[in-house]
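In the order they appear, the protein sequences are chains A and B.
The first sequence begins at 414 in our numbering and counts up by one.
The second sequence begins at 414 in our numbering and counts up by one.
Treat the hints with caution; some may be incorrect.
No copy is singled out in the list; a pair is fine if it fits within one copy or between any two copies.
Said to hold, decoys possible - Derived pair list, reagent style DSSO-like, types lysine-lysine, alpha-carbon separation capped at 27 Å: (1) Lys489 x Lys507; (2) Lys431 x Lys539; (3) Lys443 x Lys522; (4) Lys486 x Lys539; (5) Lys491 x Lys434; (6) Lys489 x Lys539; (7) Lys434 x Lys539; (8) Lys491 x Lys539; (9) Lys443 x Lys431; (10) Lys434 x Lys507; (11) Lys539 x Lys456; (12) Lys522 x Lys434; (13) Lys489 x Lys456; (14) Lys434 x Lys486.
If you are wondering where the hints come from, they were derived from the structure by calculation, not from laboratory data.
Protein chains: 2
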Amino acid sequence: METQNIDHIGVVVENIDKAIKFYTTMLGMKLVHREDLLDRGIKVAFLTGTHGETAVELLEPINHEDMNNTVAKFLKTKGPGLHHLAVKVENIEKSLKELESNGLQLVDKVPRPGARGHLVAFIHPKSVMGVLLELVQPHE
Amino acid sequence: METQNIDHIGVVVENIDKAIKFYTTMLGMKLVHREDLLDRGIKVAFLTGTHGETAVELLEPINHEDMNNTVAKFLKTKGPGLHHLAVKVENIEKSLKELESNGLQLVDKVPRPGARGHLVAFIHPKSVMGVLLELVQPHE
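Here chain A stands alone, though its shape is the one from the complex (with noise of 0.2 Å):
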């Protein structure tokens, strides 16, 4: 596969709301898009600089105690922080299969909608030196 560029970093928090005052008073990014993912059981929100196009996603659990959704159990567990690296590409699929045959272990066999409608899917971290990779295939 060939990544593009990094589209965004994900980064758990425990109040969305605060934490997107905090990095557009504090850190003086914009915020570019906010979207409830209510299949996934999160609130996430997406913040650039004045340039470049690489996003922080900042995510919240809907549900802080429903323990099956993995944002939330790792916010339980580890606390709020850096959560995962997304990277563009031009083909999903078939990223996908060639990151399968060289043995990487997928989260998504196949890929589903995320975030502002875009492409996406995760694979594990054991299989990426401990970086949670998500692969995001922009809308067209």
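Assemble the complex: chain A is given as a structure, and chain B must be docked to it using the hints.
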């Protein structure tokens, strides 16, 4: 302060040579810079996608047993994985003063030379909702 863009994501690895090979061959990223930071006791490598400036910075401690080294300690206690988020700013001294006056806990009160000859300073994760934040002012 104003975040211009996401400069890089720091990722701690067990073996930087193996990691570079993985990121270039498996994820299709390109190696843009490599350096040993002897004063920090770490080896670093910067990789980007085929487009876009935001990099992944791989970090490996030179001495894995030196528990005074924060990267070696991170690796020993948490294992390899996402380590810090670095944002580019235009004026690092001004940004640090502003963050300090807003009550954030600075790791570096004064900017110091980091990788690639850039000026850098770290902000404590306690003050950034669990994220170790690095400010980077590019070398002129």
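Go through the numbered hints given earlier and state which of them the structure violates, listing their numbers in rising order. Hint 1 contradicted; others consistent.
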